[in-house]
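Here are the chains, one letter per residue:
Protein chains: 2
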Amino acid sequence: MEFAAYMPVWDKLTQAQRVTLASCVSYRTVKKDEVIHHGDVDCMGLLLIRQGQLKAFMLSEDGREITLYRLFDRDICLFSAGCMMRSLRVEIMVQAEKDTDLWVIPAETYKQLMEESAVLSNFTNEMMAGRISDVMWLMEQVLWKSFDKRLAGYLLEEAAIEQSIMLRITHESIGKHLGNPREVVTRMLHYFQKEGLVRLSRGTIEITDEPKLRRLSQ
Amino acid sequence: MEFAAYMPVWDKLTQAQRVTLASCVSYRTVKKDEVIHHGDVDCMGLLLIRQGQLKAFMLSEDGREITLYRLFDRDICLFSAGCMMRSLRVEIMVQAEKDTDLWVIPAETYKQLMEESAVLSNFTNEMMAGRISDVMWLMEQVLWKSFDKRLAGYLLEEAAIEQSIMLRITHESIGKHLGNPREVVTRMLHYFQKEGLVRLSRGTIEITDEPKLRRLSQ
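Protein chains in written order, with my numbering: chain D, 1 to 218; chain Z, 1 to 218.
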């Protein structure tokens, strides 16, 4: 079964645990832009990505967004299974950034397996530690890093993900990602253009001086 | 041994695990204001508080601080044992806010015990889930804060109306007044209590630092 090849600690589970896990997972295909998980409204389970790209973000009462982290092939989204842990009071949204194939692991089954398997529980600890590190890093950025550095870092990250210096992305969506209004993004991008870091045209941002952009981001 | 009475999952550990744990912990007394843990410079271990008060905070390069959470009697500080998990890249500081007695559990021993004990590992997962929830909640406040100001203003208004700093009012009715769910009010009030702004007891909210509450509301 293909799931076995994607599930990180599969080899360290007992035969009985593998059977339990395999029999409860479901396979799902989601379209780009589809919102898969809504805050604490549902508890759909853990999402293991076969192929695609998801983003986890927070949404304010008045509709503002900020991206917490992204999930790529073989990554697992834990917070879509918030009901799994009593102490997890995290209201995030999960949305597909590309067409995505994934497996859903029901929270209840995963929780039961964690209770009997130190291996699975320790693996979950590591995932959680990774996420808390991401979120605390992001908080540092938001609190103490100026917006030009954050925007420069974001453009470099996008270029790395897309393997291209020609980014097809709107100012609006950059703003949502970074938690800033579109106007602020547009203004800073025009400043970057004047500085020779990027070239702007309709619907695209081309990185024209990658080394300088990298120095700025540091 | 007193440690046994403070260690949360002690009853669920095996005799051998108890012996291992008990033989490695050390007892320490720290004075108010002492910085116990410095970012990722050290990996002193987990801190289990017998009596006292610690705060965990982030520090920017230019010396700005933000308190992430506070630790009281019987709480455990996990992030002072960052080396315990590969994925934990969290640079926090821990400082005593009162004279504090605590036990230090070496990270390496704790990690070994977690690897063999699903109970200890799941307990650690719950602690981590609680911390990540705290941090994400705080980030929401930092990004989009408005409710804390509104709640602070509301409490001051009530105190003026009642000519008393002892408010007899339910979280439910505050929620109705401000248009927020009761849970949100309760959570913010607990945050206020940790910050020393109010003292909560059954059916009452006592304002304990009126000037600070007023500054917050502005």
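If you are wondering where the hints come from, they were derived from the structure by calculation, not from laboratory data. Please note that the accuracy of each hint is not assured.
Since the list gives no way to pick out one identical chain from another, each pair is judged satisfied if it fits inside one copy or across any two copies.
Stated by the list, open to error - Cut-off 30 Å, straight-line C-alpha distance, at most; resulting in silico cross-link-like pairs (DSSO-like, lysine-lysine): (1) K98 with K55; (2) K31 with K12; (3) K176 with K12; (4) K55 with K176; (5) K149 with K176; (6) K194 with K32; (7) K98 with K111; (8) K212 with K12; (9) K176 with K111.
Failing hints, ascending? Failing hints, ascending: 2, 3, 8 and 9.
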